[in-house]
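Student: Guided by the hints, dock chains B, C and D with the ligands onto chain A, whose structure is given.
One letter stands for each residue in the lines below.
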Amino acid sequence: MTGQLTEPAPTTTDPRGRRVPRLVVGGRDVTMAAAFITLIAVLVLVAALTADTFLTPTNLTNLLKQMVTTGLLSFGMLVVILTGGIDLSVGSIVAFSGIVTAGLVSGLPIPVAMAVGVVSGIGFGLVNGALIARFELAPFVVTLAALTTIRGLAFVYSEVPIAPEDPGFFTLGSATLGPVPVSTLIMLAVFLVGGVFLTRTPPGRSIVAIGGNAETVRLAGINVRRHVVLAYTISGACAGLAGVVLASRVGIAQPSVGVAFELDAIAACVIGGASLAGGRGSVRATFGGVLVLVLINNLLNLYGVQSFWQQVLKGLIIIAVILVQRTNRVRS
Amino acid sequence: MTGQLTEPAPTTTDPRGRRVPRLVVGGRDVTMAAAFITLIAVLVLVAALTADTFLTPTNLTNLLKQMVTTGLLSFGMLVVILTGGIDLSVGSIVAFSGIVTAGLVSGLPIPVAMAVGVVSGIGFGLVNGALIARFELAPFVVTLAALTTIRGLAFVYSEVPIAPEDPGFFTLGSATLGPVPVSTLIMLAVFLVGGVFLTRTPPGRSIVAIGGNAETVRLAGINVRRHVVLAYTISGACAGLAGVVLASRVGIAQPSVGVAFELDAIAACVIGGASLAGGRGSVRATFGGVLVLVLINNLLNLYGVQSFWQQVLKGLIIIAVILVQRTNRVRS
Amino acid sequence: MTLELRGVRKDYGGVEVLHGVDLVGRPGEVLAVVGANGAGKSTLIKILSGAQSMSAGEMRIDGEAAEFRSPHDAHARGIRTVYQELSIVPGLSVTENLLMGNFPKRRGLIDWAAAHARARELLESIGFGAIDPRTLAGRLSVARQQMVEIAKALVSEPRVLVLDEPSAVLAGSDLESLFALVRRLRERGVLVIYVSHRLAEVMELATSIVVVKDGRVIATTEPARTSESELIGLMAGRRLEQIYPDRRAEPGEVRLSVHGLTRRGEFEDVSFALRAGEIVGLFGLVGSGRSELARCVFGAEPATSGQVKVAGGDVRFRAPSDAIAAGLALVTEDRKRTGLVGGMSVLDNIGLTTMYGMRRGPLIDAARRRERVGEMIDRLSIQPAHCASMRVVNLSGGNQQKAVLAKWLLAEPRVLILDEPTRGVDMSTRIAIYRMIDDLARDGLAVLLISSDLTEVLGATDRILVMNQGRVTGELRSDRTTEDEILAHAIGQAA
Amino acid sequence: SSGSDDTATAGGDGSYTIGVANFTLGGPYFSGMDKAIAAEAKKKGKIEVISTDANGDAAKLASNVEDLLSKNVDAVIISGGPLESAPAALNAIKTAGKPVVLVDRKFQTGEYTSWIGPDNEAIGRQNGEFLAQKLPDGGKVAIIKGGPADNSIGLARTNGVKSVLQSKTGITLVEAPDFGNWGSDGGLTVMESLLATDSDLKAVFCENDAMCLGAQRAIADAGKSDQIIIAGVDGQAEALKAILDGTNYLVTGLNDADVIGAMGLDRAVEILGGAQVEKDTVVPSPMITKENAAKYQNPDGSF
Ligand SMILES: Nc1ncnc2c1ncn2[C@@H]1O[C@H](COP(=O)(O)OP(=O)(O)OP(=O)(O)O)[C@@H](O)[C@H]1O
Ligand SMILES: Nc1ncnc2c1ncn2[C@@H]1O[C@H](COP(=O)(O)OP(=O)(O)OP(=O)(O)O)[C@@H](O)[C@H]1O
Ligand SMILES: [Mg+2]
Ligand SMILES: [Mg+2]
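Residue numbers (this note's numbering), protein chains in the order written: chain A, 36 to 367; chain B, 36 to 367; chain C, 2 to 496; chain D, 43 to 345.
If we strip away everything but chain A, and leave its shape as in the complex, we get:
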C-alpha cells in the first residue's frame, strides 16, 4: 500500500510539540477522564480532610440536592453547545415554568400542573430553536432576547411569588428514596437517558455532528434545522423541569428566580471540556463539571469563607480547574 505511517501510539503532542502522557484503557483514550476524576477525587479528599462536617450525611444529602438545578440545566445546555449554539434563556424559563406550575396547582391536579410547567419550557425551546434554525440568527442574541422576554412573561403571569398550600406540591422537591432525594434521582435519570441519546441514537449523533460540521451533515441527507430545533427544545424541557423541581423544593415560586443560572450551566459544560464552537463535549464530563461547581460552593460555605471572598475564590478556582483541565486536553 501507500507510505502511510502507522497510527500514533498512546502519546500525543500539543501544537508546540510537548508531550502529553496518555492513558489508554481497552482501546479508549481515557486521559481526560482520568485527569478529571482525579481532580474531583482531590477536591473531595481535601474537603473530607479539612472540613469535618463535609462527610456528614446531612451535608452529603445537601450536595445531592444542590446539584439538581445546575445539573438539569447543564445537560440541556450541553446538547445546545454541541450544536455550536448557546442557550441564555434557561434561567428565565426556570422562573416561568415554576410560577406557572405553582399558579396552576390550585386548579389542576399537581402532576398536570407540573407537566404544564415542563411543556412551557418545551414551547420556549421550540421557539428559540425555530428562530435560530429557520432564520439562521445568532443563538446568543436570540436566547438573550428570549431571556428578557420570558422573564417579562413570568412577571406578566404573576407579579408576586406564589406559594401553593397543597403539601403535595413539595413532594417532588423534598421526597427522598432512602438517603437520596428524588429530585437528584430525576436529574441522574436525565443524565443517563441523555447520555444514551447523545451517543447511541441517530438524532443524538446528528446533533454532535452538526456542531462539528453542519454542511456535511446537511449533505448527508440529515435535516439540520430539525435537529437544531430539537436541541433547543431539549434545553427548554430541561429548564422547564428544573423550574418545576426548584419551585417544589423551595416551596414557593418566584418570577424573579433563576437570574444568571445560564452562566453556571455553561461553566459546567466548559469545565467538562465542551467546546463552545460545538461538536465536542461529553455527558459524563459535564456531570463532572456540575460536581466541581457544587463542591466548590459547598466547601466555601463549610469553611465559612466570607461572602465576597467566596466570589473572589470561586472565580479563581474555576480558572485553576480549567487550567488543570487544559494541560490534559488533547488538542486536535
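Because the hints were derived from the structure by calculation, they are not lab data.
Treat the hints with care, as some may be off.
[Said to hold, decoys possible] Derived SDA-like pairs: lysine to any residue, alpha-carbon spacing no greater than 25 Å straight-line:
(1) D:LYS77 with B:GLY339
(2) D:LYS204 with B:GLN341
(3) D:LYS182 with D:ASN201
(4) A:LYS349 with A:LEU311
(5) D:LYS204 with A:VAL195
(6) D:LYS86 with A:GLN341
(7) D:LYS176 with D:PRO326
(8) B:LYS349 with B:VAL294
(9) D:LYS77 with D:MET329
(10) D:LYS204 with D:ASP161
(11) D:LYS88 with A:LEU335
(12) D:LYS84 with A:LEU335
(13) A:LYS349 with A:ARG319
(14) D:LYS337 with D:PRO326
(15) D:LYS266 with B:ASP201
(16) D:LYS136 with D:GLN318
(17) A:LYS349 with B:VAL259
(18) C:LYS214 with C:ASN395
(19) D:LYS332 with B:PRO202
(20) D:LYS182 with B:GLN341
(21) D:LYS85 with D:MET329
(22) C:LYS106 with B:PHE226
(23) C:LYS47 with C:ARG119
(24) D:LYS148 with D:GLY316
(25) D:LYS136 with A:PHE205
(26) C:LYS47 with B:VAL259
(27) B:LYS349 with A:LEU335
(28) C:LYS47 with B:ARG169
(29) C:LYS106 with B:ARG261
(30) C:LYS47 with C:TYR13
(31) D:LYS321 with D:ASP116
(32) D:LYS86 with A:VAL340
(33) D:LYS85 with A:GLY339
(34) D:LYS88 with D:GLY316
(35) D:LYS266 with B:VAL294
(36) C:LYS47 with C:GLY307
Tutor: Structure of chains B, C and D with the ligands alone, referenced to chain A:
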C-alpha cells in the same frame, strides 16, 4: 482567457439562492449600512410622531447621556468579539473601577484617582487576555470567572457605596459642552479613535484578521497572543473608563453596579452585524446597535410601558431587529 | 541561496515520521518533492518554514547552521511558504491578505490607497492581474484564493519559495500562470521547492526530483533521467502497470436525467442523462459551474428552472435527503468543509448517511453498523485497518477521501456523483479509486465524475460532458476524443 | 437585650454557633445587617457567627441553610431580603429542631421562632403624610420602584405612600414605568426619563435612599432642585447628609440595619438561653428630617 465567470455583479445570493438587492456606492457595498440607517431612521421617526416628548431637549439629552455606558462597553466588546472572543467581565470592572476611584478621591487629586480606575480596568483586561492567549483557555469561562472574582473584589474594597464630597468628582459625568454632555463626547471620541484604530492601524487590522484565521496571522509573522491580550486590555480599559464616568455621573459609586451590562454590550455588537465567531463587525454598525438599544429603552419609557411588558417587548424588538438585519446580511 | 537539510528527524509524540532526511537545494533550482499520501512531504516543508521544529538533524543556509523557532525566523531568512491547506482570511480584502503585517503607512496610519495600488502591482507582476485586490478574499473561487496565497508569499521577494501542492486546485490558464511564474522565479535565482502529486507537471517544471517514502528520501533524480511510471513505482514500492482500468461499458437503463436545468448566475440549460453501468466525465475549467450543477442536481441548492428525472419520473429534490432517498450520492470536492465531520470518529463519519436506517428501536444498531463500516474499511483498504474509532482528521489525506467514499457507498446509491474525488490523492490511492468506480459501474451503478484533470477524464470514463461558463458545450466519447478537443470545448472554441 | 450570656444552657457555657443566611449581600442595607450581627456577636463574646450569601437565589438560600445545619449551628438567623417566604429553608430548620430568627423580612408562610423588623407599609405612609403636608397645593408626585415586581418590601412601601396620597385632592401620582433596581445608577436613569415625560413634578418618592440619591443628581442636572422635593427610605449615610445639608432631599424613614441586626442576634441568643421571647417585634422607623438627622448620623455605623 479561461472559462472563469466574471466576478459577481452587484447582486448576491443567500445560501438558498434568493436574491438580495445590493447597493454599491463608490465601489463600496453599502447595503447593510443603508438598511441599518433606515432602521434607525424609522425608529426615530416613529418615536417623534407617536411620543410628543421624544423630541424635547431634555429627552434628547437623556438619550445622549444614556448611551454612554453601553457605548463605551460596546466598543471594547466589539474589539474582543472581532478576535473571536467575548468579555463577560465588563460589568464587574465597571463596579470595581468606579468604587476604587470614588474611594481614592479623598486622598488623591481627582484626575489621578480617575486614572487609577481606568488603569484597574486595564489591569483586569490584561489578566483576562493573558489567561486566554497564553493558556488558550475559553474566553467565555475565563471572563465568567473574572466576572465573579472582580465583583467580589469590588465588595472587598468597599461593601457600602462611596459618595465623594468633592464636587469636582461630578464634573466628568455632568458637565456639558453646549447641549452635549462631556461624557457623550468622550464616548464618541472612543468610537472615532477606535474606528481609526481598527481600520487604519496594523494592530487593529491584526485583531480583525485574528478573528478570521488566527493561524494565518501567526504564519504571517504577527504575534497573535500579544494582539489578543491587547484586545482584552482595550475592553478592560473601556470598562474602567465606563466605571469612572458612571460613578461621576451618579455621584455615588456602588460595588453592586453593572450587573448584566455585558449582555447589552454584546447585543449592541450583534445587532450591528458582528459575528460572535470573530472577524466580522464594524465600529459604525456597533454604534448603530447602541443607538437601537438606547432608543428602544427610551421609547418604552416614553410610552410608559409597564416594566415587565417592557422586558417582553424589548426581547421581541431585538429579535425583530436582527431579523431585519439578517435579510440584508451578505453571507460570505 | 543554498538550503541544506542533514539527517532531519521529526516525531509527533513518539512516532517518528521523518527518519533522517537529507536534502540540498540551490539557487535557480526547482526541487520537486514527490511521495505518497502521508510520506512526510508536508512535515518536511513545515520544518523548512519554521512552522514545526525538527527533533534531530540540522539545517544549513549557505553553509552556515540555521535554526528556526517560528515562521518569522524563516521569513527573516527569505524563505516563504504556501501551505497545503488554504489559509487566507476570508473576511479581509485581497490587499489585506497580501500585505498583512507590512502595510504602507502615512503618518502612522495605513495608507489604503497605496496598499491597493501595491497589491495590484504585485498581482500583475506575477501574472495574476485578473484578481481585483479590493474584493473580499472569501468571495473568490478556491483557485483564485490559492493564487492569492501564492502572491502573498511573493510580497517580500523571497529567496526560497516553498509550494505544497499549489496546483491541486488550479486548472487551465491559472495553472499556466503558475508554471510561468515558477519559471520566472527560477530565472531570477530563487530556489523553488515544489510538492505535487501531479507527476506530469513535475516532469515539466522540476530541475531535480526528490522521492520521499515513509519518511525517507529514497531517490534523487532529474526529469531527464526518469519517467512518470518509474516515479510512481518508486513511491508505491511496487510496479504499476496500468493506471486506468479498461472500460467496456454496456449502458443499461437511464438512471438519472436532467432537462434544461438552470440556476441563474451559475449554469444554464443543462441537459444530460446517466445510464446504469456508465461512467460519465464532466470536464470544465475552474468556475465553469460543474460543482454548482452537481449540488443542484443533488438538491443542495434550488434550481431556477428545469427538471431532474429519476428512473423516468419527475422529481423535485428540496433537500439532499430527497436525493438520497431517490438513490443519489454526492462526494463533494472539499472533503474538509463538506465531506467529513473532522472531530468525529471514522465510524461515525462513514455511518452518517445510513445511521437513521440502521436502527433497533430508538437506538442505532451498533453491532450491525460496526460490521458494515468494517466491511467498507476493508473493501477500500482504508489505513490503518483499525481506524474505526479514530478521529477522522487523524487519517492522511488520501484515506480521508476514501472515508468519504465509504460513507456514500454504504448508502448503496444507484447514481454516484463524484466531484474531484482524487484531488490531493496520491497515485496508488487514485488507482484504487479508479478500480473501485469501475467495479461499481460494472455492478450497475451510474457514475458522474467531475474532474479538472484531463488525463483522468479521458482515462477513467466512457463519455465526457464539457462545460464552459455554465453551459454544456460538448459531449464526447472518451475513446474517440483527444485532450485538445476537450479543451477546445472547455474554452468555448470548438468548431 | 437581656443578659442571658451567663446562663448555663443545655449547650454548656453559653458559647454558641449561629448561622446567618443572607438572601443577598449585594446591597448596602443587607451587608450592613450582616455586619451588625457579626459585630453584636463579637461584643457578646463566645458567639461564633457563620455567614452565608445566597446571591439573590432562593434555592441557594435553602442550600445555604442546609449547609449551615450540616455544620451543626445552634440557631439560624435569616435575612431574607425581598423574599416572600422560604418554606424549604424553614422546614429544614424545623426538622433539625433549631430556632430560627428572621431579621428585616417576615415570611408570609412557614414557621419561625421570632421576627424582628420594620413595618414597611408604615414607613411608606409616614412618607406620604410628609409629602402631603409639603404639597398643600397638590402637584405631581413620582414614585420610583426598585423592582422586580415580586419585591414585596418595595411594594409595601409604595402602597403606604399611595394609600395616603391617593386620597389627597390635587395630588397626582406618576409611577415610573421602569425599575431603578435599588441602586443609585438606576434611580438616576429612571428619574431622567421621568423628567423628560413629566416636567412639572413636585416631588419624588423612591423605595430606598440609594435610588433617591441617583434621582437627586438627575434633578440637579436638570436644574430642578428648587422645584422637586425628595423622600426616601432607609437612612443611608449619604441620604442623612443630604437631608442635613438642607438640600431638596427632605425626608427618609429610618430602617436601621444596625439596630435590627443587633437585636436579631440578641434574640437568637436569648432563645438559646431558654428565655421566653416575643414572637414578632416591629422596630420603629422614625421619620428623619433636617431637624433630627444629626441624631441618627453614626460615623461607625456599617450602613
Ligand atoms: N500533528 C500531527 N500529529 C500526529 N501525526 C501527524 C501530525 N501531522 C502529520 N502527522 C503524520 O505524519 C505523517 C506525514 O504527514 P504529512 O502531512 O507530512 O504527509 P504528506 O506527505 O504531506 O501527505 P499528503 O500527500 O497526504 O499531503 C502522516 O502519517 C501523518 O498522519
Ligand atoms: N464557496 C464559494 N464562495 C463564493 N463563490 C464560489 C464558491 N464556490 C464556487 N464559487 C463560484 O461559483 C462559480 C462556479 O463554481 P463551481 O465550483 O460550480 O465551478 P466548477 O466548474 O466546479 O469549478 P471548480 O473546479 O472550482 O470546482 C465560480 O465562479 C466560483 O468562483
Ligand atoms: Mg501534504
Ligand atoms: Mg468544483
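Student: Taking the hints in turn, state whether each one holds.
Tutor: Quick rundown of the hints versus the structure:
no., hint, result
1, D:LYS77 with B:GLY339, "violated, 39 Å"
2, D:LYS204 with B:GLN341, "holds, 18 Å"
3, D:LYS182 with D:ASN201, "holds, 17 Å"
4, A:LYS349 with A:LEU311, "holds, 21 Å"
5, D:LYS204 with A:VAL195, "holds, 18 Å"
6, D:LYS86 with A:GLN341, "holds, 20 Å"
7, D:LYS176 with D:PRO326, "holds, 23 Å"
8, B:LYS349 with B:VAL294, "holds, 18 Å"
9, D:LYS77 with D:MET329, "holds, 24 Å"
10, D:LYS204 with D:ASP161, "holds, 15 Å"
11, D:LYS88 with A:LEU335, "holds, 23 Å"
12, D:LYS84 with A:LEU335, "holds, 22 Å"
13, A:LYS349 with A:ARG319, "holds, 22 Å"
14, D:LYS337 with D:PRO326, "holds, 15 Å"
15, D:LYS266 with B:ASP201, "holds, 21 Å"
16, D:LYS136 with D:GLN318, "holds, 18 Å"
17, A:LYS349 with B:VAL259, "violated, 29 Å"
18, C:LYS214 with C:ASN395, "holds, 19 Å"
19, D:LYS332 with B:PRO202, "holds, 22 Å"
20, D:LYS182 with B:GLN341, "holds, 19 Å"
21, D:LYS85 with D:MET329, "violated, 29 Å"
22, C:LYS106 with B:PHE226, "holds, 22 Å"
23, C:LYS47 with C:ARG119, "violated, 29 Å"
24, D:LYS148 with D:GLY316, "holds, 22 Å"
25, D:LYS136 with A:PHE205, "holds, 15 Å"
26, C:LYS47 with B:VAL259, "holds, 19 Å"
27, B:LYS349 with A:LEU335, "violated, 38 Å"
28, C:LYS47 with B:ARG169, "holds, 23 Å"
29, C:LYS106 with B:ARG261, "holds, 21 Å"
30, C:LYS47 with C:TYR13, "holds, 13 Å"
31, D:LYS321 with D:ASP116, "holds, 19 Å"
32, D:LYS86 with A:VAL340, "holds, 22 Å"
33, D:LYS85 with A:GLY339, "holds, 20 Å"
34, D:LYS88 with D:GLY316, "holds, 17 Å"
35, D:LYS266 with B:VAL294, "violated, 30 Å"
36, C:LYS47 with C:GLY307, "violated, 48 Å"
Against the hints set out earlier in the document, violations occur for numbers 1, 17, 21, 23, 27, 35, 36.
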